[in-house]
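S.K.: Protein sequence lines correspond, in order, to chains V and W.
The numbering used here applies: residue 858 is where the first sequence begins, and numbers increase by one.
The numbering used here applies: residue 293 is where the second sequence begins, and numbers increase by one.
Simulated from the structure, these hints should not be mistaken for laboratory data.
Each hint should be verified, as a subset may be incorrect.
20 Å max Cα-Cα, derived EDC-like pairs, lysine to aspartate or glutamate [claimed, not checked]:
(1) V/Lys1089 <-> V/Glu1104
(2) V/Lys1089 <-> V/Asp1054
(3) W/Lys316 <-> V/Glu1104
(4) V/Lys1115 <-> V/Glu1126
(5) W/Lys316 <-> V/Asp964
Here is how the chains run, residue by residue.
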Amino acid sequence: MYIIETHGLGKLYRRTWALRDCSLAIPPGSVVALVGHNGAGKTTLLNLLVGLIQPTEGSVSVLGGERAGSPAALDGVGYVAQEAPLYQNLTVGDTLRVIANLNRRWDQGRAEARLAELGIPLNRRVGRMSGGQQAQLALTLALARRPKLLVLDEPLAMLDPLARFDFMEMVMTAASQEGMSVVLSSHVLAELERVADYLVLLSHGRLQVAGTVRGLIAAHHVLSGPVSAVEKLTGRLPAVHVSQGNEEARILVNADLKAGELPEGWRAEPASLEEMVLGYLREPDVSALPEAEEVAV
Amino acid sequence: MSAMTVPTSGSAAATAVRPVPWRKLAWVGWRQHRLALGGAAALLVGMCAWMLVSGLQMRSALSSFGLEHCTPLTASSCTTQETVFINDYYSGAQVVVGVLTVLPILVGVLVGGPMVARELETGTFRLSWTQGCGRTRWLIARLALLAIAVTAGATAVSVIFSWYYHPILQLGQDSPLAPQIFDLQGAAFAGWTLAALAISVCAGALVRRLVPAIVAAVVAWSGLLVAVVFCLRSHYLAPLTGTGLIDPTNGNGQGVPWLLSQWWTQPGGMPASQAEIATLSNQLRQAGGLPTTQAVQQWFAEQGYVKYFTYQPASRFWQFQLIEGGWLLALSVLLGAATILLIRHRAT
């Protein structure tokens, strides 16, 4: 059973594939970081997950086999879209009431407690709140539905650094206490490193990297050493990205290293998530995907 | 923290999920459209108040002129008084008729225009269409709520209009089937209002922006009205053909018929030209004949000319109402279904 499962998923907009050949199988309880350049297909993938758009080809299911967008799927998926759209003319209290009445399950106490913590009064008009407060309200609405899967599209974009920290803290608490899975797309790599345990990297509508963060980090190393020996190394090891300074070069490799394999003057260290993601973002043609059989299981 | 009641495995969960009750969805519809509904209600109530006041004035004038028992209009005293009464009140009634004619589309765009268009324009559909109830139920609940509200309001207005306009119909000034007033009465008015709502909502889903959607809805609805008035309505049932004088009491007090066309024939039976009729009329005037309708008819008859006309009798009023109300209802349901399909399959 997977919380998210896609097979050959593709979405065509007019004559451009926004997403293609996307096959994923993500276990429940994961906190998935979805990264990629602007226009890489992140929002398209998220919209497919919540059923806002229909796939052109392939299939997408959530919550262990529910077709995305079906009543059973919608019931258990909370979604906060980019820029957290809300009804600007309603008060906070009315917004809670409206969303409560659009759902079968609703935890009013949880919503009110969280708003009180954030210092957002119920009689405040949504249109008069800051972007950050609106994002917090949108997340509150999604969490009060007690979802099994929480989908967040660029949730941090409207928040200041402290609010980002608190926001992620809150998502993580909810995730760990209730076994909720989370998918979030973001450009803030440092924040993702702290929370994500599964990475999905898209590039030009294609899946470039997918896997558990632990597994990916174990498989990747950063080698650093004198520039002169770079070519010798990249011929031997599966290099993802090479960055060269005046004297020292750094190579991101997707390989297990055996002792004594490195030439004189070179050292290896485990890759950080951020360095790994940046390496792949710079090299859209290199991919790191689980084997096809592994996905099908 | 153990409020998780939904099973998460397999398709068994799909059947186990009880949908969100319609009552709750209807409340959301009311909460989000109450301003527009209030505005529409104010418009309708204002119209009703105007018609009530002016209808009462008309009735007191009717009795002070002694016209209450003047049906059918036979006595010559009645004819003179009627002319005075019509001079005083007919033009005022036509203003009411004019305003009522555009009321359905006004209500339609006010209530129905923003329903889908504003959600798409502001991006809030990403919020509302991803809630547990799903977008189809969300839409159906709203469409039903607004359709019921708008139909009820329109029915009330048309009942008051029928009462208001009754004296003028009674005096035989207009046919109840006359193009300018037929669709302000009975099922037709409710039908046109419902169609205006359906067209507005559908235009919103198609055009996806509020102002262009409103423009499109106004154009579509007005075009439909013009086509029906000028081309379609007179063919609901085959018109009757008559000769001689039009009997103002035709239809046993149900009102004067709706005259569609008229022409004269020559003594041989061939249609007479306009010029021919004009010449004859001049001859009559020179002979010193009174230019009353009856005198003209008689004079022409003596010359061997016969007047023919086609018409719809006033007794067909309710049949026509059912036909027009019926197809407008069907059109509205179709447009509603089209909107649902549009939103289910084609939206981001």
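S.K.: Hints first: check each against the structure and report whether it holds.
M.R.: Hint by hint, here is what the structure shows:
1. V/Lys1089 <-> V/Glu1104: 16 Å, holds
2. V/Lys1089 <-> V/Asp1054: 34 Å, violated
3. W/Lys316 <-> V/Glu1104: Since the Cα atoms of W/Lys316 and V/Glu1104 sit roughly 68 Å apart, the hinted pair is violated (cutoff 20 Å).
4. V/Lys1115 <-> V/Glu1126: 13 Å, holds
5. W/Lys316 <-> V/Asp964: Roughly 16 Å separates the two Cα atoms, so the pair holds.
Violated hints for the displayed structure, listed by number in ascending order: 2, 3.
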